Amino acid sequence: MENLYNGDVSAPTRILKEKMKFKISQEEFSKLLVSVNKSLQTKANLPILTNILISASKGKIEVLSTDLETATRVNTECNVEVEGKTTVPGRPISEFVAQVPPGEMIVEKLGEEVKVSSKRFSARFATMPIEDFPAIPKIDKGKTLVLDALEFSKAILRVAFSASQDEGRPALVGVLCEFSKKSFSMVATDGYRLSFQQFSAEGDFVGKIITPARTLFEVFKIISEAGEEASGKPVLVTVADALNQVNFGIGNVEFTSRLIEGEFPPWQKIIPTSFSSKAKISREELIRLVRVASIFARDSGNIIKLKLEGGAKGILTVSANNNQVGSDEASSEIELTGNGGEIAFNFRYLLEVLSSIESDDIFFEMIESLNPGRITIPDEGDYFHIVMPVRLQS
248 MENLYNGDVS
258 APTRILKEKM
268 KFKISQEEFS
278 KLLVSVNKSL
288 QTKANLPILT
298 NILISASKGK
308 IEVLSTDLET
318 ATRVNTECNV
328 EVEGKTTVPG
338 RPISEFVAQV
348 PPGEMIVEKL
358 GEEVKVSSKR
368 FSARFATMPI
378 EDFPAIPKID
388 KGKTLVLDAL
398 EFSKAILRVA
408 FSASQDEGRP
418 ALVGVLCEFS
428 KKSFSMVATD
438 GYRLSFQQFS
448 AEGDFVGKII
458 TPARTLFEVF
468 KIISEAGEEA
478 SGKPVLVTVA
488 DALNQVNFGI
498 GNVEFTSRLI
508 EGEFPPWQKI
518 IPTSFSSKAK
528 ISREELIRLV
538 RVASIFARDS
548 GNIIKLKLEG
558 GAKGILTVSA
568 NNNQVGSDEA
578 SSEIELTGNG
588 GEIAFNFRYL
598 LEVLSSIESD
608 DIFFEMIESL
618 NPGRITIPDE
628 GDYFHIVMPV
638 RLQS
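Counting the sequence shown from 1 gives a position; our numbering is that position plus 247.
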């Protein structure tokens with residue numbers, strides 16, 4: 248299996264009696280350990296992958312985890328008294344430190360154990376040989392792009408959920424990321440829906456890569472955990488020249504992932520060039536109508552029907568029918584351009600896209616019942632979502 252590690256993880260090892268000691272605040276240490284959990288495995292065929300690697304040197308510690316597909320590297324300044332390295336079980340130490348009250352903590356390697364202590368709490372953790380820990384290479388040769396952290400996180404939220412869950416279609420499990428010198432676009436599709444978002448960017452990489460959707464969700468979490476600190480801050484994206492690896496740098500966190508090989512399908516071909524009807528709809532109201540209809544659609548293929556009619560002061564009616572449960576019909580006023588019509592969708596697809604955007608209103612466009620529908624956002628021409636309909640029963 249291709250992964251980030253180039254060596255032999257099953258090679259025989261020897262135990263080093265290396266020492267290490269540093270002091271760090273509980274708050275900072277806990278934050279680092281939470282961040283590094285992104286790439287940590289709780290159960291693994293290789294026990295070392297349940298551990299993290301802690302390195303202390305030159306007034307700084309670095310914590311590293313990997314699952315061989317991704318790697319998370321976090322560093323911070325602290326009082327290093329004895330330089331060294333060690334491995335330690337990732338989840339247990341993270342859970343322990345999280346429960347310790349704020350204050351100074353001492354982390355010290357004692358033989359084959361690591362002692363972590365504060366004024367009133369103390370624990371010892373078993374270690375594994377540091378030679379067992381996979382050597383994750385940094386990207387030495389690559390091109391870099393600078394993205395706004397909040398814009399990037401918004402794009403991930405709007406796009407990545409449309410990626411496929413079917414590992415048998417590797418390219419669709421990822422998100423197509425296309426870079427130019429002034430812009431960055433993301434596309435994801437599972438064959439039933441498609442999401443697109445574009446925003447401005449700066450950098451020296453021009454090209455396309457397919458990034459695992461899981462990777463982007465983890466990057467979204469890193470940005471979210473940074474909170475207000477992420478506002479106005481950049482995300483440094485480095486793509487390896489070999490186009491097999493990407494690194495996302497957010498503050499003191501680096502998240503590295505393999506890239507997906509293969510060709511992304513020609514997604515532009517499924518986008519209708521024009522639509523015959525366009526409705527402006529309250530997003531919250533549409534969510535409410537769809538959720539009500541879903542009560543009756545859950546056991547009937549998740550199918551709900553949308554009917555647009557009535558002109559400028561139009562009406563949207565959302566309905567569902569289940570022979571075992573019953574049926575419902577609910578309506579809302581809309582602004583409608585065109586003749587309207589009827590179209591059916593899987594309600595889960597509608598709820599997912601409506602929950603991924605934050606605007607007060609959305610535009611819904613359609614042609615006929617068997618053509619894809621499109622959802623856009625007023626005054627945002629750099630986003631759209633395509634959803635395939637379900638055939639209506641006559």
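The hints are simulated quantities; they were obtained by calculation from the structure and are not laboratory data. Do not rely on the hints blindly, as some may be mistaken.
As the list claims (entries may be wrong) - The calculated label-pair distances, taken between Cβ atoms and stated as ranges, are:
1. 417 to 572: 18 to 28 Å
2. 527 to 350: 47 to 57 Å
3. 509 to 265: 14 to 24 Å
4. 329 to 415: 23 to 33 Å
5. 349 to 520: 33 to 43 Å
6. 499 to 638: 20 to 30 Å
7. 491 to 446: 55 to 65 Å
8. 382 to 455: 28 to 38 Å
9. 384 to 527: 20 to 30 Å
10. 584 to 531: 38 to 48 Å
11. 499 to 367: 53 to 63 Å
12. 367 to 416: 52 to 62 Å
13. 542 to 499: 18 to 28 Å
14. 455 to 329: 26 to 36 Å
Just so you know, these numbers come straight off a predicted model, no measurement behind them. Cβ coordinates follow ideal geometry from the N, Cα and C atoms, glycine included.
Hint-by-hint comparison with the structure:
{"no.": "1", "hint": "417 to 572: 18 to 28 Å", "verdict": "violated, 39 Å"}
{"no.": "2", "hint": "527 to 350: 47 to 57 Å", "verdict": "holds, 55 Å"}
{"no.": "3", "hint": "509 to 265: 14 to 24 Å", "verdict": "violated, 42 Å"}
{"no.": "4", "hint": "329 to 415: 23 to 33 Å", "verdict": "violated, 50 Å"}
{"no.": "5", "hint": "349 to 520: 33 to 43 Å", "verdict": "violated, 59 Å"}
{"no.": "6", "hint": "499 to 638: 20 to 30 Å", "verdict": "violated, 52 Å"}
{"no.": "7", "hint": "491 to 446: 55 to 65 Å", "verdict": "violated, 25 Å"}
{"no.": "8", "hint": "382 to 455: 28 to 38 Å", "verdict": "holds, 29 Å"}
{"no.": "9", "hint": "384 to 527: 20 to 30 Å", "verdict": "violated, 51 Å"}
{"no.": "10", "hint": "584 to 531: 38 to 48 Å", "verdict": "violated, 22 Å"}
{"no.": "11", "hint": "499 to 367: 53 to 63 Å", "verdict": "violated, 29 Å"}
{"no.": "12", "hint": "367 to 416: 52 to 62 Å", "verdict": "holds, 53 Å"}
{"no.": "13", "hint": "542 to 499: 18 to 28 Å", "verdict": "violated, 47 Å"}
{"no.": "14", "hint": "455 to 329: 26 to 36 Å", "verdict": "violated, 47 Å"}
Checked against the numbered hints given earlier, the structure breaks hints 1, 3, 4, 5, 6, 7, 9, 10, 11, 13 and 14 and satisfies all the rest.
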